[in-house]
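Put together the whole structure using the sequences plus the hints.
So the protein lines, in turn, are chains V and L.
All residue numbers for the first sequence refer to my numbering, where the first residue is 47 and numbers rise by one.
All residue numbers for the second sequence refer to my numbering, where the first residue is 44 and numbers rise by one.
If you're looking for bench data, these hints aren't it; they were derived computationally from the structure.
Treat each hint with caution, since some may be false.
The calculated lysine-lysine pairs, modelled on DSS-like cross-linking and capped at a C-alpha distance of 25 Å, are [unchecked claim]:
1) V/272 to V/212
2) V/206 to V/189
3) V/272 to L/187
4) L/180 to V/239
5) V/272 to L/180
6) V/272 to L/140
7) L/197 to L/187
8) V/272 to L/197
9) V/189 to V/75
10) V/320 to L/457
11) L/448 to V/320
12) L/55 to L/197
13) L/185 to V/272
14) L/180 to L/150
15) L/184 to V/272
16) V/98 to L/433
17) V/75 to V/103
18) L/150 to L/187
19) L/78 to L/55
20) V/243 to L/197
21) L/140 to L/78
22) L/55 to V/243
23) V/326 to L/448
24) V/272 to L/397
25) L/397 to L/433
26) V/272 to L/448
27) L/55 to L/287
28) V/272 to L/214
29) L/78 to L/197
30) L/173 to L/83
31) L/183 to V/272
32) L/197 to L/150
33) V/103 to L/433
34) L/83 to L/187
35) V/103 to L/457
36) L/197 to L/173
Computed, partial: chain L to chain V, Cβ under 8 Å [to be verified]:
37) 450
38) 472
39) 503
In this text, all values refer to a predicted model and were calculated from it rather than measured experimentally.
Just so it is clear, CB atoms sit at the ideal spot from N, CA and C, and this is done for glycine as well.
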Amino acid sequence: MSFVEYGEYIQEGDIAIVFLGRESMFPVKAQHGTQTQTKYGVIRHSSDLIGKRFGSKVNCSKGGWVYVLHPTPELWTQNLPHRTQILYSTDISMITMMLELKPGSVVCESGTGSGSLSHAIIRTIAPTGHLYTVEFHEQRAEKAAEEFREHKVAHLATVKNQDVCKEGFGVVGVADAVFLDIPSPWEAIGHAKAALKEEGGRMCSFSPCIEQVQRTCLAMDELGFKEISTLEVLLRVYDVRSVSLQLPDFGMETQVEGDPKETGTGQQATAICKSGVTPKDMAGHTGYLTFATKSLL
Amino acid sequence: MEKISVDHRTIKEGNYVVLKRENVFKAVQVQIKRKVIFEKQWLHLDSVIGQLYGTSFEVAAGGTLQAPKPNPEKNPKETKEAGMDNRNIVDDGRSQKLTRDDIETLKEQGLKGQEIVQQLIENSSTFRDKTEFAQEKYIKKKKKKYDNTITVLKPSTRILALMYHGREPGKICHLRYDTLAQMLTLGNVHAGSKIIVFDTCAGLVLGAVMERMGGYGSVIQMYPGGEPVRAATDNFGFPEHFYKTLHEFPLCKVNLLLDGTLSLDKDKKETVSAVDESNGAMSKAPQDSVQKMGEEVEGEKDSAQASPEVDTMEVTSELPEDKEKEERAARRENKAPVVYILQALEKKVKQEEKRKKHLEAAALLQGRNADGLVIAGRFHPTPLVLSLLKFVAPSRPFVIYCQHKEPLIECHTKLRERGGVIGLQLSETWLRHYQVLPNRTHPMLLMSGGGGYILSGITVAMDTATSSGPQKTEEPAPKRQKLQDTES
Chain V
47 MSFVEYGEYI QEGDIAIVFL GRESMFPVKA QHGTQTQTKY GVIRHSSDLI GKRFGSKVNC
107 SKGGWVYVLH PTPELWTQNL PHRTQILYST DISMITMMLE LKPGSVVCES GTGSGSLSHA
167 IIRTIAPTGH LYTVEFHEQR AEKAAEEFRE HKVAHLATVK NQDVCKEGFG VVGVADAVFL
227 DIPSPWEAIG HAKAALKEEG GRMCSFSPCI EQVQRTCLAM DELGFKEIST LEVLLRVYDV
287 RSVSLQLPDF GMETQVEGDP KETGTGQQAT AICKSGVTPK DMAGHTGYLT FATKSLL
Chain L
44 MEKISVDHRT IKEGNYVVLK RENVFKAVQV QIKRKVIFEK QWLHLDSVIG QLYGTSFEVA
104 AGGTLQAPKP NPEKNPKETK EAGMDNRNIV DDGRSQKLTR DDIETLKEQG LKGQEIVQQL
164 IENSSTFRDK TEFAQEKYIK KKKKKYDNTI TVLKPSTRIL ALMYHGREPG KICHLRYDTL
224 AQMLTLGNVH AGSKIIVFDT CAGLVLGAVM ERMGGYGSVI QMYPGGEPVR AATDNFGFPE
284 HFYKTLHEFP LCKVNLLLDG TLSLDKDKKE TVSAVDESNG AMSKAPQDSV QKMGEEVEGE
344 KDSAQASPEV DTMEVTSELP EDKEKEERAA RRENKAPVVY ILQALEKKVK QEEKRKKHLE
404 AAALLQGRNA DGLVIAGRFH PTPLVLSLLK FVAPSRPFVI YCQHKEPLIE CHTKLRERGG
464 VIGLQLSETW LRHYQVLPNR THPMLLMSGG GGYILSGITV AMDTATSSGP QKTEEPAPKR
524 QKLQDTES
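As structure tokens, then:
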């Protein structure tokens, strides 16, 4: 397995996602002789993981079971160790498509942060593209590089530990796309323009606050970026549930319409329907995405 | 390699491009001496050949596109004169001193859009009294109307998804571009995988998947009816080798394939023998010559069509398993004149090609180890998913798009009953655009009302034993379990 290539069976050194439920999963690295504790009991790597097919059910010692899944950038996003705030798959999807990323694309990114977006970019541009990612925090840069090696994608990414606003991306005229997720993106627009190919390319900046967006848009406009467009994308998740509604009792004469289900207790009648129920709370804002094109002239 | 990359940047005859004016797109194929209509204007695209993608052109008289000037003139910033508010501006309908006829005359004189806008400003008595913001808005509005700049772009999922959503949302089942973006991510579509696609969105989803695969791996398009639809796919202008990774398989044969009654090798042999039988002279010819014969038939087609007996020769055995009919046809052919035989042969060649394609796709499907399933369209998703999921390996993502929520709710329920899937999620995205201008930043007045719904999940191994564990996988655990390494 690797993050850019599906494998069938779990091998020594592979990352697998232990799935206990939608809200409850975690990554493990399969190693002979190692054990992992879950609330359903212990998983012994040698017998329970290694050699098993991804997607198998693994019985744990206490009689419960879990599924072991092949890692994907999306599962990784839900499970990675946070070193910073991260981008989630909804924004990542939009960034990937609007930056026109595909196999072979050369992409510049800053900051690397926890590597949530980085993994998604690498997945999309493999096997012939490359990611140049810049992180000014030394430990975070080192950790990201280590993860890329562990996930067998190090050949597709270069991590640089420098300040993108001062020193840029370390490459000039090579990128098809640039992504910025830093506190003062307007200070890096010039470097973004320089990193993009001469014939042009796409760029995106992610900012939580509208004031940041305004300064960024001004800087983009001054440097000749075209098609400047700011948008926001929100995910709404629906919980599929059976909803039962009590039918009113109008007395003896009333004929109940439809297909009511009689419940056991007395003469109470209810109608059951399936519904997509929105959760009580939802993420109302992550950040504004500002896209722009570096054009020919 | 350098040469190739340079090559990709220039527009050549036969290339698929997208024309862009303001926020309106249109996909066309560049062909010499061919007129295309765009935004109520006839255009000739001859002069774009040899230019770089992303170049902007000015529309000149007669619809020819003028190549860009090396130095685009920057509109000089005049000394601004503007009013504070609109308390004294009265709408008497006479602020513009130019009449419609005057403007038409200006246009006929061949004035550039920019110059017409300048004339309009100079002849507007209220322009100077407008606020600075109102002046900007006025210029922007007029520019949109008179400025005739057209940019020629290289097609991409972004541009084509935007284009279809803007122009013909009905053709793509109202699949909004942000929803398409979610599908590609949730489906983990990437180079080297084997993806099954069912798409009744004119082939837009198929094209988007192919773009993300970059010609690595394989795509199997499942299609309803006689032929797969790829109108939008063609607009991507993929290189030839991308199509080598694209396979097709008809939905109407899925059950046969699943039952194992679609005995492929046997069918293949039968077809070949039928072709041989159809012409005594060719009965000993090697299989390869069938192709050649088919080409020769092309020339004789006209004379064959003139014959009144053509109808009787229709060998419409669409279904390969319909071998009786085939044999009967073959017997009849033995007695028919040479022209008919050749015509029937041509049909056979086509059928054989089609069958060959189906065989290849069937072989890919039979492994039941696809890396993903992407469904988008106007068919009821439940039966599609229930049967197509059988071709997908465990621990692989699948995504289903539907314009409406209710079918996906049913599908969700059925999938839970079936088992073999986890992490089911029914979702929708909202997309909001912003106007960002100094002191005038706000969400756009108009936003899209709905971009459809997605049901996604991950396949897992099906329960074979009756081990009904004590736990429900979908139930959230109270606490996240920490990984414990005994190794230190």
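| Is residue 55 of chain L within 25 Å of residue 197 of chain L, Cα to Cα? | The given pair, whose Cα atoms are some 11 Å apart, holds under the 25 Å limit.
| message | Hint check: residue 197 of chain L vs residue 150 of chain L, CA-CA at most 25 Å. Holds or violated? | response | The given pair, whose Cα atoms are some 30 Å apart, is violated under the 25 Å limit.
| request: For the pair supplied as a hint, residue 320 of chain V and residue 457 of chain L, confirm whether the alpha-carbon distance does not exceed 25 Å. | output: Judged against 25 Å, a Cα distance of about 12 Å means the pair holds.
| If you draw a straight line from the CA of residue 272 of chain V to the CA of residue 212 of chain V, is it 25 Å or shorter? | holds, 24 Å
| field | Proposed proximity, residue 197 of chain L with residue 272 of chain V (alpha carbon, max 25 Å) | value | OK: residue 272 of chain V and residue 197 of chain L at ~16 Å, within 25 Å.
| query | Does the alpha-carbon distance linking residue 197 of chain L and residue 173 of chain L stay inside the 25 Å limit? | reply | violated, 40 Å
| field | Agreement of residue 180 of chain L and residue 239 of chain V with the hint, judged by alpha carbon distance not exceeding 25 Å | value | Status violated; Cα separation ~28 Å.
| Proposed proximity, residue 397 of chain L with residue 272 of chain V (alpha carbon, max 25 Å) | With a Cα-Cα distance of about 46 Å, the restraint between residue 272 of chain V and residue 397 of chain L is violated, given a limit of 25 Å.
| field | Pairwise hint evaluation, residue 187 of chain L against residue 272 of chain V, where the allowed Cα distance is 25 Å at most | value | Since the Cα atoms of residue 272 of chain V and residue 187 of chain L sit roughly 16 Å apart, the hinted pair holds (cutoff 25 Å).
| query | residue 78 of chain L and residue 197 of chain L: Cα distance at most 25 Å? | reply | Distance ~19 Å between residue 78 of chain L and residue 197 of chain L Cα, so the pair holds.
| message | residue 173 of chain L and residue 83 of chain L were given as a pair; does the straight-line alpha-carbon distance stay at or below 25 Å? | response | violated, 32 Å
| Pair hint outcome, residue 150 of chain L versus residue 187 of chain L [Cα-Cα no greater than 25 Å] | Roughly 15 Å separates the two Cα atoms, so the pair holds.
Consistency note: the structure conflicts with the earlier hints numbered 4, 6, 21, 24, 26, 28, 30, 32, 36 and 37.
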